[in-house]
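> Sequence:
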Amino acid sequence: MRVAEICTSYTVFCAPQTSVDVAAQLMRTHHVGDVVVVDDSSGAPKPTGIVTDRDIVVSVVAQGLDPTVILVGDIMGSQLLTVSLEDDAFDAIELMRAKGVRRLPVVDVAGNLAGIVSVTDLLEFLTREMGTLANISSRQQAHEIHVRP
Numbered sequence: 002m003r004v005a006e007i008c009t010s011y012t013v014f015c016a017p018q019t020s021v022d023v024a025a026q027l028m029r030t031h032h033v034g035d036v037v038v039v040d041d042s043s044g045a046p047k048p049t050g051i052v053t054d055r056d057i058v059v060s061v062v063a064q065g066l067d068p069t070v071i072l073v074g075d076i077m078g079s080q081l082l083t084v085s086l087e088d089d090a091f092d093a094i095e096l097m098r099a100k101g102v103r104r105l106p107v108v109d110v111a112g113n114l115a116g117i118v119s120v121t122d123l124l125e126f127l128t129r130e131m132g133t134l135a136n137i138s139s140r141q142q143a144h145e146i147h148v149r150p
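Everything in the sequence shown is counted per my numbering, starting at 2 for the first residue and increasing by one.
Keep in mind that the hints are not guaranteed to be accurate.
[Unchecked claim] With a straight-line Cα cutoff of 25 Å, these simulated SDA-like cross-link-like pairs (lysine to any residue) come out:
#	residue 1	residue 2
1	K47	D75
2	K100	L86
3	K47	R129
4	K47	V120
5	K47	V23
6	K100	E87
7	K100	M77
8	K100	D67
9	K47	L66
10	K47	S119
[Unchecked claim] Here are the computed distance ranges between Cβ atoms for each label pair:
#	residue 1	residue 2	range
11	F91	I137	16 to 26 Å
12	I137	Q80	38 to 48 Å
13	D22	G78	18 to 28 Å
Hint data in this document are derived by calculation from the structure and do not stem from the laboratory. All residues carry an ideal CB built from backbone N, CA and C; glycine is no exception.
I would like the entire structure built from these sequences, with the hints used as guidance.
Structural data, given as structure tokens:
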């Protein structure tokens, strides 16, 4: 299955010059654990980083820094991992596993932000797939009883 079919298309994002306290308020308002940092100078949001609630706690709060003066661009990771809408869900799972990340911004063919896929999204997908697989035996048995009484 393609990432496009399981990702969340609504994504909270901000500019790198957004203060950490504003990013935290965005997370609270939208009930999410991350904001994607984008460059929208070309008119379309291109992801350049991601900041999670954990990043804020570890990099700002635990250090005793002032979240009103620290910018998300200062605490976001230096290397952003993304997946495309066309990528296979299992490739996204493997990338998350290999790099130890829980969320991946999703980009379209032009590299613009198209959504986000999280471990939760992928677990829901796998749960549905496992449920479908579990039903095969009972359906096969019911079919056999009908065909060979």
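> Determine for every hint whether it applies to the structure shown.
Going through the hints against the structure:
1. About 18 Å separates the Cα atoms of K47 and D75, which keeps this hinted pair within 25 Å; it holds.
2. A hinted pair counts as satisfied when its Cα atoms are at most 25 Å apart, and K100 with L86 qualifies at roughly 19 Å.
3. A hinted pair counts as satisfied when its Cα atoms are at most 25 Å apart, and K47 with R129 does not qualify at roughly 31 Å.
4. For the given pair, K47 sits about 22 Å from V120 by alpha-carbon distance, which is consistent with the 25 Å threshold.
5. A distance of roughly 20 Å separates the Cα atoms of K47 and V23; the hinted pair therefore holds under the 25 Å criterion.
6. Proposed proximity of K100 and E87 is supported: the alpha carbons are some 20 Å apart, at most 25 Å.
7. Simply put, K100 and M77 have alpha-carbon atoms about 16 Å apart, close enough for the 25 Å limit, and the pair holds.
8. For the hint pairing K100 with D67, the CA-to-CA distance comes to about 30 Å; that exceeds 25 Å, so the pair is violated.
9. A hinted pair counts as satisfied when its Cα atoms are at most 25 Å apart, and K47 with L66 does not qualify at roughly 28 Å.
10. The straight-line distance between the Cα atoms of K47 and S119 is roughly 19 Å, inside the 25 Å bound, and the hint therefore holds.
11. Distance hint check: the CB atoms of F91 and I137 are about 20 Å apart, consistent with the given range 16 to 26 Å.
12. The hinted window of 38 to 48 Å between I137 and Q80 holds, with their beta carbons roughly 41 Å apart.
13. At about 20 Å, the beta-carbon gap between D22 and G78 stays in the expected band of 18 to 28 Å.
Hints 3, 8, 9 from the list above are not met by this structure, while the remaining hints are.
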